[in-house]
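J.: Given next are the chains, with one letter for each unit.
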Amino acid sequence: MQTEANNAFTLHNVCYRYGEGVDALEDISLTIGQGEKIAILGANGCGKSTLLKLLDGLLFPQSGTLTAFGESLSAKTLADETTACRFRRRVGYLFQNADVQLFCPTVRDEIAFGPLQMGLPRDEVAQRVQEVAALFGLTSLLDRTPFQLSGGEKKKVALAGVLAINPDVLLLDEPTGGLDPRSQGWLVDLLARLHAAGKTLVTATHDLHHVPLLADRAVVLSEDHRIVAEGPSAVLLADLRLLEAANLLHMHLHRHGDLIHSHPHFHSYDHEHTHDENTP
Amino acid sequence: MHIPDSVLSPSTSIAAGAAMLPVWAMAGRRVRRDLGTRQMPLLALGAAFCFTVMLFNIPALGGTTAHPIAGTLLAVLLGPWAAVLGLSVTLAIQALFFGDGGLLTYGANCFTMAFVLPFVGYSVYALLARRLSAGAPARAVCAAIGAYIGINAAAAVVAVLLGIQPALFHEPDGRALYFPFGLKVTLPAMLGAHLLIAGPAEAVVTAVAVRYMQAAGIMLYGTAAPPGTAARRQEMLWAGLLALCALSPLGLLARGEAWGEWDTQGLAAKIRTVEGHTYVPKGAARAEAHAYKGIRGLRDYASERGASGYLGAAVLGIGTIVGLLLIGVRVLRPHPSAAASIPSPSQEEGEKTSPPRGCAYPLSFVRRGGDFNSNLPSPVMEGRGSRDGGDGARGPSLRFLERSLEEFASAGAAALAGETWARSSGLLQRLDPRAKIVSFLGLIAVVAYVSRPLTLLALTALTLVLALSSRLSPGRMARRVWLPVLFFIGSLALPSALSWVTPGRPLLILSRQPYLAITAPGLEAATVLMLRVGVAVSFAALLTMTTGWSDLLSALRVLPLPRLFLHVLAMTYRYLVVLLQAAAEMFVARRSRAVGRATRAQGREFLGVSIGALFGKTLALSEEVHAAMLSRGFHGQIGTLTERRWRRADSVWLLTALLVALAAWRWR
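First to last, the protein sequences are chains A and B. Take the first sequence: its position 196, counting from 1, is numbered 196 in this note's numbering, and each next residue is one higher. Take the second sequence: its position 363, counting from 1, is numbered 363 in this note's numbering, and each next residue is one higher.
Please note: incorrect hints may appear among the correct ones.
Stated by the list, open to error - Partner residues aside, some chain B positions facing chain A, computed with beta carbon under 7 Å:
1) M571
2) L630
3) R632
4) G633
5) F634
6) G639
7) S651
8) V652
To be clear, the hints were calculated from the coordinates, so they are not data collected in a lab. Remember, it's a predicted structure, so these values are computed and weren't measured experimentally. Ideal Cβ placement from N, Cα and C applies to all residues, glycine included.
Input sequences plus hints: build the corresponding full structure.
T.: Structural data, given as structure tokens:
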């Protein structure tokens, strides 16, 4: 039996709604162990981003309890600056829209932002910026302004800014969204290496074909903001009925050799997908 | 409405800037108190929003277009104090990076557009809407009236600032040193354009935008929580007092008799249309009477002691007004317990729609986390497409869309191109940005005093040499500096060469009956004015074109500017491009669905809705940016690693600039 301190996050009956009674999460109970890689699957608007924001202490549940690394995570505990600093150092969040994360005048300042906020000495920060930039191949872009970057470069800088803090947990909101196939491959590779180095990965996505690489375990959120399934990602991805109910599949005419037919499915870029036995 | 450098006398610029200091200080305090760490992204995005909105072209009278300022709108949304800061940042970006408005006249431009406009607009709106519920459609009408009066009040103050120049600053023979036309010309010119064209357009767009935001569930400032009652009363009081203070110069102009040298009757009539008794809040008469005495003394002062006396009088007057305001607030502040017991007229509304985290700004519309593109109703153009199609026969085409799109594109391109010039290796590019900023600001200040044509020509030559040695092509300088100067200042300055404005020895007689000639002193004054503005704008352009954005920002740190201002400035410039793209996408979507022509009314409605939608995106984006900052440990201050080393070349440059400035002063 694991104790709470060994878990990165523990959620008990967490509910969250945005004012005016707009529900975002209903009765979420979930445990995320340290060093685990887990995916949160769900269609647009089912509450994935909200869940990540709760885990990052950016929003706080109206009811239910939430603990991070065995300590309660609430507006009250984060109001204490040392606790907040310790927590922010351990958890990094990659936003879905890289633009919101690039608010500094230059790439260099962007990568340095987190470490400087944490109060690290300047020369150490400068060295860390160089290291992270080298890891991401961004060294030549350090003096660029964010609006001179391509979409893929923005994503890299955003992730570099998060990794410069060297967090234990990475919260990733649609990390591969908006990237070309090559950059997607590069990113998934990098994330796999980070996991091998001991980081906890929490990935929110509706793009199923990277899930086997990004997560050993998955939870599926339904469109009424509840957890409808939880288990090994390989098992969940084989359950087409579940995925269809969560609106994660699409349906269109396609061809297999001479057979043209239509059935709900998801697929990778080469359109490889599975069939139910009873699909014609 | 942007006043360029060297059109106003330096003392007027300084007086206006001094008037802004207490306003900025107060605004900074209020906004920090209301918003905490949220202030930075919200102000930055508010400013970027304003910048983008100013690039919209509203179809106005007879196929012309006007651009909105949206100052009143911003005040209605974020409150007047946040509007002051947001608009000030917008104006700084325009002056620094886009050559719109001068560097030395920054204070004057802030006074008119970032203070008078939002405060007058907001006070009118707050006064009219004080009994209305948060969602009442009439709020949109109140905002429209506020916007109309606000923009005209600002235009009137610009007219006064320009119009008092020839009376206060002229050479013994009567030639104007700065702006050549008196109030007789400036008031009708500014007010005519704003009362008839820009004002109505701004009013309609504001109304539609406010309506859209009410429908989208975005809460307007001051309509949120029940405890707002006390705060709102005080807000109203402040707004009212400051609006009076801003309007007081107008109040006194209405008593045209004091200023005998002008066509008093026409002027008084003009003023009545602007200042008319319909909207001046109660108690205006008292304040007006006070201001009247103040400014009449000022006028006496000015005539006896000249410009320096005027400056002293202005500072004194501003001090008195601020002192009175402070006393007024102290006396009239409601007792805390009394305030708590006052029932709110909009209590029910407040409870239903109170914001989730007890913050002054409603965030409830940010529904689905990061996905801010999908949570707002798309620009509600449904059902209008058919009207567009059927309407082919009348109304202007979608030119305003094209024109706005062009402006979005050119502003975005300018932001990017600036970085490329700054990256090429030339003389100025190699210098430390701190040396450049200090030297060019000094030179611009000195140029404002130079009135000898030869000295000005020498300085013009200097700007050309600097441009060439910094690899800026003369053609580019001409397009960026001299063309606009010729068009905008030339069209103003050249009429002052005529005998009607500047009497004197005729050079070329255009007509004998009535007598009209180009006079020698007139031509000289016009040339001097144009050269001076050209040189000042060239210096500013040399500074901004050869300095990268981040370098310029780090250099601004040498000036005694608040850190918050610099951070907000940095962030505004950053998100400008994002909002420009969002606006351009909306416009392209609109154009792709529009067949044929739209009426002016449809065009304005579309713009109002677009502005509403854009503001929704702005707020959502600012919430996300704030979350992203918090997530990486933000606690109020931003650090930077960008540093530059001071070299000998920088000292040499600074010394040279000092010598040039001294020489120009010696032969001014």
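J.: All hints are to be evaluated individually against the structure, with a verdict given for each.
T.: Against the structure, the hints:
no. : hint : in the structure
1   : M571 : holds (5 Å)
2   : L630 : holds (6 Å)
3   : R632 : holds (4 Å)
4   : G633 : holds (4 Å)
5   : F634 : holds (6 Å)
6   : G639 : holds (4 Å)
7   : S651 : violated (24 Å)
8   : V652 : violated (25 Å)
When held up to the earlier numbered hints, the structure conflicts with 7 and 8 and fits the remainder.
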